[in-house]
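S.K.: Residue numbers (our numbering), protein chains in the order written: chain B, 11 to 98; chain Y, 25 to 580.
Hints in this document: simulated from the structure, not taken from any laboratory. Yeah, the Cβ is synthetic: ideal placement off N, Cα and C, and Gly gets one too. Please note that a few of the clues may not be correct.
[What the hints assert, rightly or not] Below, simulated SDA-like cross-link-like pairs (lysine to any residue); rule was C-alpha separation at most 20 Å, straight line: (1) Lys47/B to Ser139/Y; (2) Lys67/B to Glu141/Y; (3) Lys257/Y to Asn280/Y; (4) Lys155/Y to Val187/Y; (5) Lys112/Y to Asn53/B; (6) Lys67/B to Glu78/Y; (7) Lys47/B to Met133/Y; (8) Lys47/B to His282/Y.
[Stated by the list, open to error] Residues of chain Y placed beyond 12 Å of chain B at every Cβ, according to the derived structure: (9) Ala96; (10) Phe106; (11) Thr137; (12) Glu264; (13) Arg487; (14) Leu513; (15) Glu547.
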Amino acid sequence: MTEKQVTIVNTLGIHARPATLVAQVAQRFQSDITVEKDGLEVNAKSVMGVMMLVAAKGSTITIRASGPDEAEATEALVKLVEDGFGEE
Amino acid sequence: MERNRALYGTPVSKGVAIGKAFLRDDNRNLRSETLSGDRAFARITAVLDEAANEMRESSRLLPLEIKRMTEAQVAILEDAGFRESVKKGLESGLSPEESVSEAMERIAMRLETSSAEYMRERAEEMRSLAKEITRLLAGTRKIPPGVVMVCEDITVSEALRAVRAGVKAVIMERGAVTSHGAIILRDYRIPTLIEVFEATNVIDEGVTVAIDGSGGMLVIDPDEETLASFHEKIADEKKEQEDLDKLVGIETRTLNGHRVEVMMNLDLPEEIALVEKVKKCGVGLFRTEYLFLTGRREEESQLKVYREMAQAVHPYTFTVRTFDLGGDKVVGMQEANPFLGMRGIRFLMARPDLFKAQLRAAVRANELGNLRVMFPMVSSLNELAGAKALFREVVEEVSPKHLPALGIMVEVPSVVMMAEEFAREVDFMSIGTNDLTQYTLAVDRQNFRVSHLYQQLDPAVLRGVRKVIEAGRAAGIPVSVCGELASDLAGALVLLSLGVRELSVSPPNYLRAKKMILSLRVEDMDMIRDSILSARTPEDVRRMAHWLIKQKGIMA
Numbered sequence: 011m012t013e014k015q016v017t018i019v020n021t022l023g024i025h026a027r028p029a030t031l032v033a034q035v036a037q038r039f040q041s042d043i044t045v046e047k048d049g050l051e052v053n054a055k056s057v058m059g060v061m062m063l064v065a066a067k068g069s070t071i072t073i074r075a076s077g078p079d080e081a082e083a084t085e086a087l088v089k090l091v092e093d094g095f096g097e098e
Numbered sequence: 025m026e027r028n029r030a031l032y033g034t035p036v037s038k039g040v041a042i043g044k045a046f047l048r049d050d051n052r053n054l055r056s057e058t059l060s061g062d063r064a065f066a067r068i069t070a071v072l073d074e075a076a077n078e079m080r081e082s083s084r085l086l087p088l089e090i091k092r093m094t095e096a097q098v099a100i101l102e103d104a105g106f107r108e109s110v111k112k113g114l115e116s117g118l119s120p121e122e123s124v125s126e127a128m129e130r131i132a133m134r135l136e137t138s139s140a141e142y143m144r145e146r147a148e149e150m151r152s153l154a155k156e157i158t159r160l161l162a163g164t165r166k167i168p169p170g171v172v173m174v175c176e177d178i179t180v181s182e183a184l185r186a187v188r189a190g191v192k193a194v195i196m197e198r199g200a201v202t203s204h205g206a207i208i209l210r211d212y213r214i215p216t217l218i219e220v221f222e223a224t225n226v227i228d229e230g231v232t233v234a235i236d237g238s239g240g241m242l243v244i245d246p247d248e249e250t251l252a253s254f255h256e257k258i259a260d261e262k263k264e265q266e267d268l269d270k271l272v273g274i275e276t277r278t279l280n281g282h283r284v285e286v287m288m289n290l291d292l293p294e295e296i297a298l299v300e301k302v303k304k305c306g307v308g309l310f311r312t313e314y315l316f317l318t319g320r321r322e323e324e325s326q327l328k329v330y331r332e333m334a335q336a337v338h339p340y341t342f343t344v345r346t347f348d349l350g351g352d353k354v355v356g357m358q359e360a361n362p363f364l365g366m367r368g369i370r371f372l373m374a375r376p377d378l379f380k381a382q383l384r385a386a387v388r389a390n391e392l393g394n395l396r397v398m399f400p401m402v403s404s405l406n407e408l409a410g411a412k413a414l415f416r417e418v419v420e421e422v423s424p425k426h427l428p429a430l431g432i433m434v435e436v437p438s439v440v441m442m443a444e445e446f447a448r449e450v451d452f453m454s455i456g457t458n459d460l461t462q463y464t465l466a467v468d469r470q471n472f473r474v475s476h477l478y479q480q481l482d483p484a485v486l487r488g489v490r491k492v493i494e495a496g497r498a499a500g501i502p503v504s505v506c507g508e509l510a511s512d513l514a515g516a517l518v519l520l521s522l523g524v525r526e527l528s529v530s531p532p533n534y535l536r537a538k539k540m541i542l543s544l545r546v547e548d549m550d551m552i553r554d555s556i557l558s559a560r561t562p563e564d565v566r567r568m569a570h571w572l573i574k575q576k577g578i579m580a
C-alpha cells in the first residue's frame with residue numbers, strides 16, 4: 011500500500027468540481043484508492059464519497075492506494091491536489 | 025365532496041371531453057405503483073442517465089464557470105457511489121423519490137458542516153438538483169389511456185407522452201397558451217385548460233371530470249344532468265368537425281376567386297398523416313426542435329425524415345425550419361433573458377456541427393425540388409450572411425440536383441425595419457406572428473402578469489406585417505404568415521386586408537382557416553386596409569373587423 015498526505019491549497023477546497031476530478035483521475039487506475047480526512051475514509055473513485063469529505067482550504071487529506079499501480083495513482087492524485095485542481 | 029364543482033381556466037385547445045382525473049405529480053400514487061426493488065432502481069437509473077445527458081448536451085454553450093458546475097452535477101448523477109446510496113434507500117423501504125432526496129440530502133448536510141461559506145452555499149444546489157430528479161421521476165409516471173391529466177405545467181416531452189398515451193384532456197395549474205407543450209396538445213386537438221387555479225389540490229385522483237375547452241371551464245364529479253349536457257356538446261362538436269371535413273380537397277379561394285394558399289405547421293414527422301387527411305397541402309413550417317429533443321440529430325436520421333415528409337407533401341412545398349433551440353427549449357440552459365439570448369440562428373452559428381449536419385440533411389432530402397430551408401430568429405443581415413455562407417458550403421459539398429429555396433422567419437422587429445434589404449437576400453419570408461408580437465410589444469407571453477398586453481391584432485404588429493408584405497412584393501418573393509391569427513374570422517379578415525395571400529396554421533385550424541377564406545371577398549378587405557393601418561389600438565382593429573363582418577353580412 012502507498013500512502014501520502016497532502017494539504018488542500020485552492021481557495022474553494024474540494025467542492026463538486028474538484029471532487030469530480032479526483033474521482034475521474036482515480037478511476038484511471040486499477041488500484042483500490044481511498045481518501046481520508048479527520049477519520050472519515052471514502053472511495054476516491056466516487057464523486058459523492060470525495061464530496062462527503064468537505065475538505066476546505068488548509069485541511070489535510072490522506073490518499074491511500076493499494077494495487078498494481080498504487081504508486082502512480084497516489085502520485086497523480088497528490089499532484090492534482092497540489093496544483094489546486096487548476097483553480098486559484 | 026360536493027358534486028358539480030366548477031373550475032375555470034384559460035382555454036388552449038378547444039373541445040369537450042369527459043374522463044377520470046389522473047394527477048401526474050401525485051407522489052403517493054407513484055409510491056403505490058408496482059415500482060419496488062430492481063424495477064424502481066432501474067427507473068431511477070434511467071432518469072438519472074437522462075438528466076445527466078440532457079445537462080451535458082445543453083451545457084456545451086454555457087459560460088465556463090457554469091459549465092463546470094454542471095459538469096460536477098452530471099458527475100454526481102452518474103456516480104456509482106451516489107447510485108449505491110440511492111439503492112440502499114430503496115432497500116430500506118423508501119420510495120424512489122425519497123431515496124434520491126435522501127441520498128442528495130446526505131451530501132447537502134455534509135456540505136453544511138463546512139467552515140467554508142462557499143461549500144455551505146453548494147448545499148442548496150444539491151437540494152434543487154434532487155428536486156429536479158424527483159420531478160423527472162414523477163413526470164415519467166405512466167399515463168393510463170383515456171384519462172384527464174391534471175398537472176402544474178407541461179414540457180414538450182411530457183405533452184408528447186400524453187398524446188401517445190391517448191389522454192382525453194389536460195388541465196394545468198400554470199402553463200401558457202403559446203408554450204410548446206400546449207401547442208402540441210392543440211395540434212392533436214386535445215382539450216386543454218391552463219391557469220386553472222389550485223387544480224392539483226382540488227381535483228382528486230380518479231374522480232370524473234368534464235371539460236369544456238372552448239368555454240374555459242371544467243366540472244368535477246358532474247351529476248347526470250351535467251353529464252348529459254356535455255355529451256350533447258361532444259355531439260355538436262362532432263357535427264361541426266364533419267362540416268369542416270366537407271371542405272377537404274376543395275381549393276381555397278375567396279368568394280371572388282382570389283387564390284389563398286393555406287399550409288400547415290407541423291411539429292412531428294408522424295403529423296404528416298394530418299396533411300394526408302386533408303388531401304394534401306403545403307407545410308409552411310416544419311419545426312425540427314422535436315427531432316433534436318428526441319435525439320435525431322445525426323444527418324442520416326434527419327435526411328430520412330425530411331425526405332419522406334417532402335415526398336408525402338409533393339407537389340406542395342415542404343419547409344424545414346432549422347433547429348430553433350435555446351430559451352425555453354433547451355433543458356437546463358440558464359440565461360437571465362433566454363428570449364434575448366442564445367436562440368435560433370445564434371445557437372446554430374455557435375454550433376456549426378449541428379447546423380451543418382441539418383443543412384446537409386435538408387439539401388440532400390430535396391429530391392423532388394419542393395423542399396425549402398428556413399432560418400429562425402434572424403435579427404441582422406450579418407447573421408444571415410453567415411448562415412448563407414454555411415449553406416453555400418453545404419450546397420457545394422452535396423451538389424444537389426435541386427437547390428432548396430432559402431428563407432427566413434420574420435420574428436424580430438429589426439428584420440421588419442430592414443424588410444426591403446432582407447427581402448433581396450432570400451427566396452421567401454415567413455412572418456411568425458407569435459414571436460413578432462412578443463418582441464414588438466416587449467411582452468413575455470408566458471408571464472401571466474403582462475400576458476394581457478400580448479395582442480396579435482395590435483396595430484404595431486399589423487403595420488409590421490404590412491411592411492414585410494410590401495417588401496416581399498417589391499422583391500418578387502412570397503411572404504407567408506405563420507400563426508393562428510387566421511383561424512378566427514376577424515384575424516383572417518385583417519390578414520387578407522393587409523395583403524397576405526399565404527398562411528400557415530396549426531393542423532386543427534387548417535380547415536377552419538380555409539372556411540374563413542372561402543367566405544371573404546378581397547375587395548371588401550381592401551376597403552378597410554387603410555383604416556386598419558391607421559388604427560390606434562387592438563380594440564380599434566377588432567371593432568373595424570366586426571363592423572365589416574356585420575356590414576357585408578359575412579358568415580363563416
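S.K.: Does each hint fit the structure? Answer for all of them.
M.R.: Against the structure, the hints come out as follows:
no.: 1; hint: Lys47/B to Ser139/Y; verdict: 14 Å, holds
no.: 2; hint: Lys67/B to Glu141/Y; verdict: 12 Å, holds
no.: 3; hint: Lys257/Y to Asn280/Y; verdict: 35 Å, violated
no.: 4; hint: Lys155/Y to Val187/Y; verdict: 26 Å, violated
no.: 5; hint: Lys112/Y to Asn53/B; verdict: 17 Å, holds
no.: 6; hint: Lys67/B to Glu78/Y; verdict: 32 Å, violated
no.: 7; hint: Lys47/B to Met133/Y; verdict: 17 Å, holds
no.: 8; hint: Lys47/B to His282/Y; verdict: 82 Å, violated
no.: 9; hint: Ala96; verdict: 3 Å, violated
no.: 10; hint: Phe106; verdict: 4 Å, violated
no.: 11; hint: Thr137; verdict: 6 Å, violated
no.: 12; hint: Glu264; verdict: 57 Å, holds
no.: 13; hint: Arg487; verdict: 51 Å, holds
no.: 14; hint: Leu513; verdict: 57 Å, holds
no.: 15; hint: Glu547; verdict: 68 Å, holds
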